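Enquirer: The lines below spell out each chain.
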Amino acid sequence: MTTSGTLAVRKLRPSDLARLSTVGLRTRKLRAALSALGIAIGVAAIVAVLGLSSSASANLNNEISALGTNLLVVQNGQTITGGSAELPKTARAMIARIVAVTHVEQTGSVSGDVYRNSLIPSIDTNDLSIDAASLGLLRTVGTSIAQGRYLNAATANEPVAVLGAAAAQRLGIDRVYSGERIWADNTWLYVAGILNPAVLAPDIDSSVLVGFPAAEHYLSFDGHPFTIYVRAQNSHVNQVDNLLAATANPENPSEVNVSQPSAALVAQADAQSTFDDLFLGLGAVALLVGAIGVANIMIISVLERRSEIGLRRALGATRGHIRVQFLAEAILLALIGGAAGVGAGALSTALYASTKHEPVVIPVIAWGGGVGAAIVIGAVAGLWPALRAARMSPTQALWSM
Amino acid sequence: MSAETTRPAPCGVADEHLPAQNAADRPVLEVGHVTKVYPSQPPVTALRDVSFTVATGELVAIVGPSGSGKTTLLHLMGTLDRPSSGRVRITGLDVARLSDRELAAMRATQIGFVFQQFFLAEHQTVLDNVADGLLYAGVPQTERRARALDALGLVGLAARPHARPTQLSGGQRQRVAIARALVGSPAIVLADEPTGNLDQAAGQAILGLLKELHHRGVTIVVISHDRDIAARMDRRIEMLDGRIVYDSADDASRSPLPVLEDRPSHEDSRP
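In order, the protein sequences belong to chains A and B. FYI, the numbering for the first sequence is 1 to 401, going by my numbering. FYI, the numbering for the second sequence is 1001 to 1271, going by my numbering.
For reference, chain B alone in the conformation it holds in the complex (with noise of 0.2 Å):
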């Protein structure tokens, strides 16, 4: 991991705005035996006491067919929703302790989000749609452009920040998104199927991004059920049924995949 960055970067471990590095030892996310219940009628339980931390810098990658629970489990990293019982902590920070005000802060400060569908505005230049992740941070709009364009230049963009989205390939539309995710230098981004909407030479070229910011010192969770994506991700964390069934982290010797090979019907898996 590198702390050199030829600008300043908007991201990285070296950045001052990321509370993560008060404690060096500190993760920047923890879990810790949460389960999540939906009071629907039955009821049910998306995830059964689920724990693991996220140290700064890390890459790790959720997989898990659907209905596995890793959606929801981006829900609570994420602090959209809370959990039914358990611990959530985003650099330290216990999220069952904070407000709905404290914890829109929390996102706005802390958490930087990739979705699969871009979420783009059309309406809005590419310079602005990334200068928006600021938005709700207090940031004043020429700084939040100035952040944005070394945003773009992190994502490979800087060329074209006046372009609408309208007007970019898929691939660059979700880079525009992640720079969206960077621009406020955030403790931890979160990418649900970051390549679920491309095709493949632009998803590989997505999963090349990331991994380029992690190497910069950007804290990446990426959920995805493609178990390819998964096995390129320093950190591979598997689920299903609402469990853990595997953490590269917890044994790095053991096979991957091991209990994912013993059932035989997974509605995403390659065949």
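So that you can see chain A by itself, here it is in the shape it has in the complex (with noise of 0.2 Å):
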């Protein structure tokens, strides 16, 4: 007797396989959604902590690619008794000879306060500071004008003022108008502009810019430089930097102070991605917690359909048979989390990061890794109940009942 041929097992199509794997879901559609929704949990979690530090960082660097990581800022430091060191005026003319340096500006700190007007009481200071400024300070600090105009050759020698965005927002002014004056130290200063906050020169913002020449005429200024910017050649920070103390004050080196502002961005950035861990870990956690909710269902299920595991089984299905459909059954309920999670996750991200006005970033390992570890986890956690339900014998699965 021959039995090829005759008897050959035929494998499932594709789509009889993904109707065979819908069954358990459509016949018990909220437990089904209830163990997604583990699933989903888990991945909303992690794609939602993947996409919003790559949004923020995303942000982060195109900030910090725009504003330049070349700028160098030269300050005076402390003397060794602890007093407060000065910076020689000759300092800016020195450090512009160094080859490699493109631009040098500098402010000059001006002792006495500025209020809206003279009526406000002395005691209101606000914290604002008044500053000496350079004419070519903005592009080289890497801000710009928002309202007005800046300084000029002929302002700098008049009490003319240029408010930081934080200053003018302190002292409630929002448009520059012809005629608009401010009170410092018994001077009526009159407005010309106000500045766009300067991310890379935070205590510009919180400044009042008059020329250097008003400054001494006006406000009885000594001249020295209080900080000093620098721009260098992309390729020669490193070797500027070094160069910097001695060049800005020969005799003290060590009463400077020189800092990279665009260090201190990169720093917060990388601090972000420390946070993260502990959320991924938390979205992992969820996600393990996912997977035995459906392994735990898939269980369920196959015990609760021993009848039709036996049917199958009396219709002709093989082991094989029963195991690939329970198998595909499970993998199908974590897609459907990892999907809805993917979906969630983007969404959270999106509307996040439009709120803080960051280019909204999801990363493919972020999206493609959670629909993965989805189906991985639909595969681990629908293994055992497969080969369990394949095990079954028939005889007893239809007629213990």
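Rather than coming from a laboratory, the hints here were simulated on the basis of the structure. One or more of the hints may lead you astray.
Derived Cβ-Cβ restraints for the label pairs, each shown as a range [to be verified]:
#1 B:Q1167 / A:A8: 33 to 41 Å
#2 A:R13 / B:K1211: 55 to 63 Å
#3 B:Q1167 / A:D277: 50 to 58 Å
On a predicted model such as this, the values are computed, not experimentally measured, just so you know. We put the beta carbon where it would ideally sit given N, CA and C, even for glycine.
Could you use the hints to bring the two separately framed chains together as a complex?
Expert: Below you can see the structure in the form of structure tokens.
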């Protein structure tokens, strides 16, 4: 007797397998939805964490690259005795002689407070400072004028002020008009313009800027620079950094502080990603719990569907047919959860990023990994129940109810 | 027995899918000296040296009280289990020499099951329930449905292919289950207490349907504890304590139930 040919086992068609894998989900919708929810929460947490941090760091990187990483800031430090040191008046000119330096601008600290008008009590200083500023400052620190005009060669000699972004807000000035004045140390200063925020030089934001000659003439400024902003060629930032202290104050190089503001932003971006690990860990725990939920549901499903399994065996299903049906169902269940989780994670990322005006970045590893992890989880969680279903004796499944 | 079928019937003696037709005299089912022992503590011997054959087109009732071994016999005839010793042949193929996968293919193509509890999928239409009888035989879905419609015609339900099983009466559900058993043009249909969950009238109608299918040439074995049902079948095999105590094919002239009548107590027999 020959058995080949007449008794060939047929594989399930992909369309039939797809239909079979949905049987349990269609007949027990609520339960399927709840167990998929576990996976969805885990995947959503991971996608959102990766998406949010990617969006935030993309935003920071955009800012950093727009502002440039070649800005160096020279400030006077402290003397050995603890007093405030002074940068020599020649510091700017000396720094400008370094070949790799492209721009040098400076500000000087003017003593005194500034008020909206002469009637404001002198105690309401608003924590504002008056700074003398050189004329090319804006381009060097990477900010721009929001309203009105910046200082020029003419207005630098006159009692004219330009307000930093925060300074304008605290003084209650949101637009610039002709003849507008503020009160500084018994002198009226005419407001010429308002600046945008200076991310790399936040000191400027709370400053009222006047020209060096005007500061010396009207505000009894001593002419010593307080901060010098240096732009170096990108390839020589470190070399310039090393030269700056000795160049700015050859007599006492140790009394000079040199810093690179963009380094702080990069550190900020790094600090955010360490925070991510915590949330990724939480997402992984949620995924694990979701996986246990899927495994649990599948085991219950196999027990409940004994008669279906027995019937299918009687209709000619092999153990392999039963195994692949339940495995496909578990994977489908997890995949639905994973897809929902990716959707929810992406949506929350998009909402959050758009409220913060950040670019929406959902890395491939987040959504691809989310879907991939869901498939793996479904396969792992469904394997044991599927094997159990396939091992079930058809006679017991059908007749022992 | 008539070979006249008004449609390309999914079953019947004229069907080309029945390998049993290759040898006209070859029985569809051969059970030879079959013993089944369940390895429990102590071991339970469910069948002892059972032998009979079922020829193509026969309508056979296997009747006996609970514990007589008829369900075990059904498992063996349906290739859902293997005998401890002895031989089961379906369409000439020895079950002992087939792998699990080949036995599954055997069930998919050669054996139709009808159960007491119907076992219909409530989320599917009647048509798809019947079509699932061909799911594991490698038939594409459109053809499965076409053949399912033919099978529904055989059981008198061609008008309601899109109903859900929950919308049907018990008798109609069992007709759907019978259609599912027939859709693959099996060599043999095994019906386990097909009227067990039905009221008297519906049960009679199902028996009438089985007889009608028998007249169309379908080979049917009915398992039942009900001797009234058995009495309506052409051939009766009576079982007790794992043995065949009477086979009407052996001696048609003997009076029915000679052994059973000698025994005063049967848990399932009627008063």
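Enquirer: With reference to the structure, classify each hint as holding or not holding.
Expert: Each hint, compared with the structure:
no.	hint	result
1	B:Q1167 / A:A8: 33 to 41 Å	holds (37 Å)
2	A:R13 / B:K1211: 55 to 63 Å	violated (36 Å)
3	B:Q1167 / A:D277: 50 to 58 Å	holds (57 Å)
Figure legend: structure checked against the earlier numbered hints; the only hint not met is number 2.
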